[in-house]
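S.K.: Chains as they are written, first to last, in UniProt numbering: chain H, 1 to 286; chain Y, 1 to 286; chain L, 1 to 286; chain B, 1 to 286; chain E, 1 to 286; chain Z, 1 to 286.
Calculated directly from the structure, the hints in this document are not laboratory data.
Be aware that one or more of the hints could be misleading.
When chains are identical, the list treats them as one kind, so a pair holds in a single copy or across two.
[Claimed, not checked] Straight-line C-alpha distance at most 27 Å; calculated DSS-like pairs for lysine-lysine:
#, residue 1, residue 2
1, Lys198, Lys163
2, Lys263, Lys198
3, Lys224, Lys198
4, Lys25, Lys198
5, Lys130, Lys163
6, Lys263, Lys224
7, Lys206, Lys224
Every value quoted in this text rests on a predicted model; they were computed, and no experiment measured them.
As a plain string of letters, each chain reads:
6 protein chains.
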Amino acid sequence: MPAGELWQTESSEADSEQWLWAQIKAEARRDAESEPALASYLYSTILSHSSLERSLSFHLGNKLCSSTLLSTLLYDLFLNTFSSDSSLRAAAVADLRAAHERDPACVSFSHCLLNYKGFLACQAHRVAHKLWIQSRRPLALALHSRIADVFAVDIHPAARIGKGVLFDHATGVVVGETAVIGNNVSILHHVTLGGTGKAGGDRHPKIGDGVLIGAGATILGNVKIGEGAKIGAGSVVLIDVPARTTAVGNPARLVGGKEKPSKHEDVPGESMDHTSFLSEWSDYII
Amino acid sequence: MPAGELWQTESSEADSEQWLWAQIKAEARRDAESEPALASYLYSTILSHSSLERSLSFHLGNKLCSSTLLSTLLYDLFLNTFSSDSSLRAAAVADLRAAHERDPACVSFSHCLLNYKGFLACQAHRVAHKLWIQSRRPLALALHSRIADVFAVDIHPAARIGKGVLFDHATGVVVGETAVIGNNVSILHHVTLGGTGKAGGDRHPKIGDGVLIGAGATILGNVKIGEGAKIGAGSVVLIDVPARTTAVGNPARLVGGKEKPSKHEDVPGESMDHTSFLSEWSDYII
Amino acid sequence: MPAGELWQTESSEADSEQWLWAQIKAEARRDAESEPALASYLYSTILSHSSLERSLSFHLGNKLCSSTLLSTLLYDLFLNTFSSDSSLRAAAVADLRAAHERDPACVSFSHCLLNYKGFLACQAHRVAHKLWIQSRRPLALALHSRIADVFAVDIHPAARIGKGVLFDHATGVVVGETAVIGNNVSILHHVTLGGTGKAGGDRHPKIGDGVLIGAGATILGNVKIGEGAKIGAGSVVLIDVPARTTAVGNPARLVGGKEKPSKHEDVPGESMDHTSFLSEWSDYII
Amino acid sequence: MPAGELWQTESSEADSEQWLWAQIKAEARRDAESEPALASYLYSTILSHSSLERSLSFHLGNKLCSSTLLSTLLYDLFLNTFSSDSSLRAAAVADLRAAHERDPACVSFSHCLLNYKGFLACQAHRVAHKLWIQSRRPLALALHSRIADVFAVDIHPAARIGKGVLFDHATGVVVGETAVIGNNVSILHHVTLGGTGKAGGDRHPKIGDGVLIGAGATILGNVKIGEGAKIGAGSVVLIDVPARTTAVGNPARLVGGKEKPSKHEDVPGESMDHTSFLSEWSDYII
Amino acid sequence: MPAGELWQTESSEADSEQWLWAQIKAEARRDAESEPALASYLYSTILSHSSLERSLSFHLGNKLCSSTLLSTLLYDLFLNTFSSDSSLRAAAVADLRAAHERDPACVSFSHCLLNYKGFLACQAHRVAHKLWIQSRRPLALALHSRIADVFAVDIHPAARIGKGVLFDHATGVVVGETAVIGNNVSILHHVTLGGTGKAGGDRHPKIGDGVLIGAGATILGNVKIGEGAKIGAGSVVLIDVPARTTAVGNPARLVGGKEKPSKHEDVPGESMDHTSFLSEWSDYII
Amino acid sequence: MPAGELWQTESSEADSEQWLWAQIKAEARRDAESEPALASYLYSTILSHSSLERSLSFHLGNKLCSSTLLSTLLYDLFLNTFSSDSSLRAAAVADLRAAHERDPACVSFSHCLLNYKGFLACQAHRVAHKLWIQSRRPLALALHSRIADVFAVDIHPAARIGKGVLFDHATGVVVGETAVIGNNVSILHHVTLGGTGKAGGDRHPKIGDGVLIGAGATILGNVKIGEGAKIGAGSVVLIDVPARTTAVGNPARLVGGKEKPSKHEDVPGESMDHTSFLSEWSDYII
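Only chain H is shown next, with the shape it has when bound in the complex:
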């Protein structure tokens, strides 16, 4: 990712999208040349398209279609939505960059675009969410269902998700109806942002900017996870977590204690540091 600086000098979102799309095409061209067995796949998904939004719409349409929801219908739906809403395209660009920067296993932008179920589920969710707020709820829910079947990622179409979000591995993620996820958040697989019962209303977690949520964490109820907080893997969180603190365990407690929890300086959603609190924690629990 040494080219990272390059695009940061770009001024506008459109330029950034152009730059990223050019990178993706260059990567795909290089891969198609080195691997003829994959070239057909790379041409159909990336190289035959004139823009990121067309490539993404094509890929999502073919991934999410079923015998009763045809790929052409979904392609049309995705293309119309991405074409008419630049904020969705900007969010996709930010998510691609997030994966590229934060996940050491992400070897290229095109790899993320084609293969990351978390990325794809999130982009499809953004379209479902747009349908939801346009009161096209049955269609939003049908799309939601396809995302849950195909990617095993279950994000309610009403949930609000920021930009620069990384769903790493993503299998088993569940995000409820009134959940809110801020910008630059990183969420590992099997994470639940769940509700608290059969009553409706605002009942799901609110995740602040820059939060990191470890694999298998379960956060339940209308709790607030403050900016830059960190939730340990496998934690069960039923309480508010202040900004820049760490919650771990089942049930989760704040590292450093409820009264004066330890504060960290980095942005864990970006640094992806899952385990540095190990020593703190060990100290705490013993």
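For chain H, the structure is supplied; the task is to place chains Y, L, B, E and Z on it using the hints.
M.R.: This is chains Y, L, B, E and Z only, laid out in the frame that chain H set:
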């Protein structure tokens, strides 16, 4: 759900099924009118069918088919089974109502019928279970495999499941061969009812009526979870849990203590109260 | 499995493969005769093929194909790889036997070959891994993505996996890039062998021979799980676990204490004993 | 076909259908045993079914489906129609026998059932025709369109067709809206029974019992082809043809002359004698 | 077609297209209401679309796709072409009207749009032709191949075709590279406009406006069929045919004789009178 | 085709196949570069393959598959057959050259390989024929049926076909069980080589080397069409036709008269001269 009272006055199961099917058709008709892009889907899955069993068989056949297990074969299998066994139809009706009543995100019966992977996996399981007890085991296991692939819900065809069961979100649920689940149980995603080793025999949990099992709970071995008990999210349960008590934690302990656990009055499988024990628990663990 | 002794007298891997293939065909023939509705499936997947490698390649090609990665392309890729590398075939044979011996729900070798998503995901991973070490990384990653979508099993193609490995139920398993899994290991569903942040390098767990990892366990970082160790269900492991010891809890601690952990004699990856440590554990935690 | 006599001793249509279905299953079983590569196909199309109507409905549903007309919908439609109308089943039986007796290339009943596009198109037409006379015209026309696309056989759903009809090779056959075809007729490929302009009304040929129409013959207008008449290959017929006479040429003339045409004794629709009139004709034209 | 006068008062092509599209939607809505089994098909192909070009592109994309040419790719290609070239849309409108007026079996515009393989093949050809003249020949030829496979209609992408053309039944039509077809022509099935050998250059027939070509007629070489001429069914034409004359027979001769052929007054391509020359012809040939 | 001379200097069949395959890859590479929308198709069908036999097997497998005859099964069958029989590969090479040389609309070898239904049907027939003579008749007939459905080309698997054969346009061709076609024959669309009744035995035409059969010609019975003979379009031939003579008309007569038919010098199957006999014929018939 203001119409809820209506059907409770119906006397027979068949009437109840009729009433529900009429609701579903009305919902689908309304949605098809308001959303032309979804109308084709709604007609093929619901509006072109003359009964709930035909609609469900069609939908499951198309969801679960593969290139080596054709949709027509599965449709035939589902339709023959649902047509000839009214108890399976009654269970489907009860499950639809359970989702409608307990899940605030369930906006309509048709939404559940079409889109809830937990509901669909459970109905397909009921057919696989029937095949299993008819000693058509290879077919039951092939169906089991398709359900596990398509919905990421892995219920052994020998497992026995009651009526009015809600598998909410459902991704990652695993239910072992000798497990038993009672009536009016609610089970969240990532729940495991697992075995204890490589020995055969009766080795999986028995879940009483009205139990609520929170997201990510793991219950292992031939333990008994009593009627109306509640298992906290993320718990690892290796012990019997008495009726109307709550078990939480990893390893799970009874709230209120082993000797005199606290008893609650409601039926948590119906009330879906995941978090009211929070204060009790916090008290307990600190 | 009374015939188990038979094959143990066979000298070579090829003989073992022959013997197993003959068993599989006999099982499939018996099932096809008893269940005409399944016969077409059994003929296309097993009975029309002349070898295990052809059957497996056909089945994986049809399971993992998509509209942009055709079954014929995948079939070709699998068949060429399995045909040219006898170690992959031997590993498949060892994995089939492992499932048959360790999982009491495994009624036959053919049941595992056709229906076990863990087995199928693992065999497809072995091919992806071979592509990876041949520097055919884009193709390896595309295959990885298909395995993650279809089976909800996410094993990075660079991860190294031994023989005789059982991924039981398998949904939600995540294995990171630098993870290593030894021989005769058993891993339940929802298990994570994860990394520790955004830095590259050797950052995932190393699992010794004969280890058993319970459902939902999360092991993070470049830690060493010694030979024959046992990780309790739902544990969150951030520490090395010595050979033949047991780690449980969130965060995981060694049963018997850090200083003098209890040692067991059996090979838990083979005995699959998930729960005998229950009494030890209960003692420990109270 | 030495077994031919056997069934002629059967009294009822149902017995005849039973007998034929038993033959077909025996043939398919024999073929499946001798050719494993085809066994999957034979099981899915024939051997897994309990009756001719189920096998035929399954096969037609899978042949005629498209991405917008699903196989399950068509299967349902065919099965309901064949199940409820024994005359359609009797016609299918008579057509199978006709092919078996008249076409020396027809090696078995199952060969005809599976592979003869003329047979399959005709059975699907019978269903479309039934829909037509029930005033379900849009569905009849959609089915008509699929038959024309898949088999290149274009029979208007209003056309009336008798029993024991053989469409040999069948590609390119066109039969217009008001055409009528009697019993025991044999029609080769590329035959047109066409209209005469843009006016509606009764405008297509009426083909008597036992007629033989050679390849590429074009019969236009509301003309009457008498019982047992023979139409030479490539003829263009715009005139009535008396019973048991032969018309040949472009434009077609009666062999033997308009005033006293030669009469033959056999039933050419059954004897399939395309060319014995060669000498007559040669005499006539020179 | 009593509403026919209505649209003739419309001034522009766009108005005409609007009017026709409104008719088609009204027809489809009526049919969907009367036939639930077809409603899904009608919604996906017509009622979910906002314009004729979208409906047609969707339908052609789904009809012509294959496992190696995806529906989404074709849909995109058709939609882009129809959207950017109003003359193609006007030609489609004229062809729909031609079928509606000239073919008494055409019960509605929507019937033609959905089910007439001649209509669909012709519209797809217009797109292939546009690609051809843009020098995108490999793509034009791939499309040509799909049309020939799916509809058995083989029109070289370089062939030039006018508006208001009816390919009735259409199976087996072959139109060569340098053929030209005028406006308001009607061509029955099995018609060949073929070349004369292996030399390139201008070698196929030129068909004037208003010509009618009967079923199975073969016209070979760079001959000129004059305006309003009529070619009898089954004719083999190797000569120029003057305007408003009729050629019949194999080899074709002019009715009335080479020197003073009979002239007719109507436009046979529109009147569709295939057989009125019967008496003339009979007189001529006897 | 200026490179034509090049390969004629190659000595062996294998060299010829190598040369042709290199040409095809070069053509496809050029087309993929100029037309990104087609690149995916070209990579999957040609550029990802290492030999002509693999490309052809892949393409035929995908073209001829159905929901009950999977592409992987057919691919395997084609690949095994083409790999093990060099004469089939040599025939394919000769057929590709024949199309390239004789058909002015054939712009490249790759165009023929991908898009010519006559070429593809013929190669698939060669495999079906091989199965037939190996007594694998049910499989041969199933393949025959798929070819007839997909390409509308109906060649009985027992028919014997030489090398360097061009089926131009091909739709509607019917070739009977005991027909024989020599080398370097050219056959246009709608041609029938048919039988003469319901008796078995040797009953279909024998076509000598270098014969040209015009569009829509019907040749019936065990007649002999001598080397280098020419059959006019639309002819109905019931007689032997001597070498290097021309038969035309319905019924066909020899040009020049039965006693002393005109002889031509060229090889019409190669020169493709359909119409030079026009003047002769006109003279003859007037």
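S.K.: Please name the hints from earlier in the document that this structure breaks, with their numbers sorted from lowest to highest.
M.R.: none
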